[in-house]
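Here is how the chains run, residue by residue.
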Amino acid sequence: MSPTYYLYLSAILFTIGSLGVLLRRNAIVVFMCVELMLNAANLALVTFSRINGDLNGQIMAFFVMVVAAAEVVVGLAIIVSVYRTRRSASVDDASLLKY
Amino acid sequence: MPLDVATFAAAGAAASSLHGSPAETAIFWIFAPVCVLAALGMVFSRNTVHGALFLGTVMLSLAVFYAAQDAPFLAFVQVIVYTGAVMMLFLFVLMLIGVDTRESLVETLRGQRLAAGVAGLGFLLLLFAGIRQASIKSSVGLADANTVKDTQGNVVPGQGNVFAIAKLLFTRYIFAFEVTSALLITAALGAMVLAHRERHEPQRSQQDQMRDRFKIGTHPTPLPGPGVYARHNAVDTPALLPDGTTSELSVPPAIEALRIERGRDPQPAELGRPTVRKGSE
Numbered sequence: 001m002s003p004t005y006y007l008y009l010s011a012i013l014f015t016i017g018s019l020g021v022l023l024r025r026n027a028i029v030v031f032m033c034v035e036l037m038l039n040a041a042n043l044a045l046v047t048f049s050r051i052n053g054d055l056n057g058q059i060m061a062f063f064v065m066v067v068a069a070a071e072v073v074v075g076l077a078i079i080v081s082v083y084r085t086r087r088s089a090s091v092d093d094a095s096l097l098k099y
Numbered sequence: 100m101p102l103d104v105a106t107f108a109a110a111g112a113a114a115s116s117l118h119g120s121p122a123e124t125a126i127f128w129i130f131a132p133v134c135v136l137a138a139l140g141m142v143f144s145r146n147t148v149h150g151a152l153f154l155g156t157v158m159l160s161l162a163v164f165y166a167a168q169d170a171p172f173l174a175f176v177q178v179i180v181y182t183g184a185v186m187m188l189f190l191f192v193l194m195l196i197g198v199d200t201r202e203s204l205v206e207t208l209r210g211q212r213l214a215a216g217v218a219g220l221g222f223l224l225l226l227f228a229g230i231r232q233a234s235i236k237s238s239v240g241l242a243d244a245n246t247v248k249d250t251q252g253n254v255v256p257g258q259g260n261v262f263a264i265a266k267l268l269f270t271r272y273i274f275a276f277e278v279t280s281a282l283l284i285t286a287a288l289g290a291m292v293l294a295h296r297e298r299h300e301p302q303r304s305q306q307d308q309m310r311d312r313f314k315i316g317t318h319p320t321p322l323p324g325p326g327v328y329a330r331h332n333a334v335d336t337p338a339l340l341p342d343g344t345t346s347e348l349s350v351p352p353a354i355e356a357l358r359i360e361r362g363r364d365p366q367p368a369e370l371g372r373p374t375v376r377k378g379s380e
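As given, the protein sequences belong to chains A and B, one line each in that order.
Position one of the first sequence corresponds to residue 1 (this note's numbering), numbered consecutively onward.
Position one of the second sequence corresponds to residue 100 (this note's numbering), numbered consecutively onward.
Pulled out of the complex, with its shape left as it was, chain B reads as follows:
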C-alpha cells in the first residue's frame, strides 16, 4: 500500500481524538508549566540566545497543545514555520548583530518597571475575569468539523483535519489566501531592500591591498611559524634560524611573556639541532 497523504490522514483520524480524555489533562498539566516557565525565562534571561531558545521551547509546547486540541495541521505548521523558520531567523539576526550586546540595567524612565509590573498584573486579572465571566458551558469538539462530507452529506472516509482545512481555505478563504501570497512577496522584497547596503567606495583590488601592506613598513610576509627548525613544534617554542639562534618573531608576544614569566626560556643550545638517530643515516 503506498504511503500517501490520504493514508497518513486516515491514520490520524483513526487515532481517537484526545478530546476530554485524561491523557489530554496530563499533557496539559505537563506542558503548561513548561510553557509558562520558558516564557518567563525568555523575558528575564540576560543572554539573548538563551531567550531565543526559551521562545523555541514555548513554541514547541504550543505545537503539542495544538495537536492535543484536534488541530494536527496547525501543530505541524507551528513546528515548521515558527520553530523552524522564525526561530532560525531570530538566531541568525542575533549572530549578525552580536550576541554580547549587553542591555543597560539603568531605568530610563523612573518607576517604569514597577508600573509595567502593575499594568501586567492588572491586565492578567482583567483577562482572567473575562474568561471566568464568559459562559462557556461545554465544548462542541472538532470531531464533526474535522471531516469532509460529499454532496449527499455522507462523511468521506479517511479525510481528516488537513482535508477539512484545505476545503475551507480553497473555497471560502481563497481570496485571503491569494492576498497572503502577495504579502509574502512584498515582505521578501522589503527585507531585501532594507538589508541591502550600497557600496560607497570602489572595491579595493588585490594590488591596493598589497601596496598598503608594504607602505606600513612592518613585516610584509607572514611571520615564521613556531618551532619550525627546533625539536618541538609547540606554539611556545621559538623557531631556530639557520645560524642556530632563535627567531623571536615566531612566538606570539603574549606567549613569549608567559614563557619568560614561568621561567621556561629554552636556550638555543638546549633546542639544538634534531638528534640524529642511530641507523637513520
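With the rest of the complex left out, here is chain A:
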C-alpha cells in the first residue's frame, strides 16, 4: 500500500478540523478542532519521515506534540478565565475590545 493514502487521510482530518474551527462556537470545541489539525499534521510528518527513510520527521512530530501540550495548558487556562468573567464559553461573547 502506498503511503500516499496516509497523506490523503491527513488532508481529510485537517480539513475536518478547520471546518470545526469555522463552524463551532463553543471555545472548547474550537480548541479540540485545533488539536485535530495538529494531529493531522503529525500524521503527515510521520508519513513523510517514512517515505524519505529519515527520522527527522518523527522528531518534528515529537516537538509538535510537546508544543501542543503546552498550548493546550495555556489555552484551556485562558478559556477558564474568560468563562469566569463572562459566564460563557462561546467565542461570540468575547468581544470586549470591539467597542
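Simulated from the structure, these hints should not be mistaken for laboratory data.
Keep in mind that the hints are not guaranteed to be accurate.
Which stretches of chain A does chain B cover? Using the computed rule of at least three CB atoms under 8 Å from a CB of chain B, they are [stated by the list, open to error]:
1. 9-22
2. 28-34
3. 47-57
4. 61-68
5. 74-85
Taking lysine to any residue and the SDA-like style, the derived pairs with C-alpha atoms no more than 25 Å apart in a straight line are [as the list claims (entries may be wrong)]:
6. B/236 <-> A/2
7. B/248 <-> B/224
8. B/248 <-> A/53
A virtual CB, placed ideally from N, CA and C, is assigned to each residue, including glycine.
Chain A is fixed; fit chain B onto it per the hints.
Relative to the frame of chain A, chain B by itself:
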C-alpha cells in the same frame, strides 16, 4: 533475563515491520474510516463530552497508524501525551465550565456555514490535488533509519526506533530539546497565573456563617429526618413526634405534594407506634 529497555526494543525490532504488507493495508482500511467518522462526529456532535470522546478515538487510531508506520515511540507518546494528558485536561475543563453550556444555533454571520463548507471543500480539493501532483515514486521505509550504527558503521543489534530517535534528539536537536523544557515550565507558570483567582473579600469564618443562619429566622437546625419514629423509614413517610402527630418538616415539600396527589396520606393513627412483638419484652 532481565526485561529492560534493550530487550523490549529488540523484541520490537525482531517483529518484522509492517512496511507495505497486507496487514498494514488491512489496518489502514479498518482504522481510517473510524478515524474520519470520529472526527466528523466531534465536529457535529451537540454534546461536548461526546465530542471529546470522539477526539480521543481519533487520537487512538492515529497512534495505531504511527505504530503501523514504524514509529513505535511516537505511537506510545501519542497515547500517553494526547489520549492521556491532553484529553484528560479537556474533560477536566469541560466539567469545570459546565457540560450543559448549550451552543446557540443562530448564525451570527449570514451564510457563514455555507461559506465555511465551500471553503473547506475547496481546501480539501486543493490538498488532494497537491498530494496527487507530488511525485512520490516509492517510499524508502524506516528499516534502515530505525537502527543505530557504531563508529565502524556496523549496526548495533537490538537498538531500534527508540534508540535512533534518542540519538538524534540528544545530538542534533539537543538545543531544541532544552528550549522545549523552558517552554513547558513557562506554560505551567502561565496556566497557574491565568487560572489563579484573587480573593477580594475576607474569608467567612464559621462564626459569620452561624450568625447569618440565625439572622434569617427560619429553622436553624437540620430538619428532622423522615420516618424516624414511624414504622417506615421511607422518604415519603413523615416522622412521628413524641405526642403522636406527624412532623411536616420531615418530608420534603415536593414529595409531600406527590403523596397527597396519589392519595397516600397516612394518618397518624395508621402509622402508630411500632408494634411490640411477642416475646420481645
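Right, here's what the structure says about each hint:
no., hint, result
1, 9-22, "holds (count 12)"
2, 28-34, "holds (count 5)"
3, 47-57, "holds (count 9)"
4, 61-68, "holds (count 7)"
5, 74-85, "holds (count 9)"
6, B/236 <-> A/2, "holds (9 Å)"
7, B/248 <-> B/224, "violated (43 Å)"
8, B/248 <-> A/53, "holds (15 Å)"
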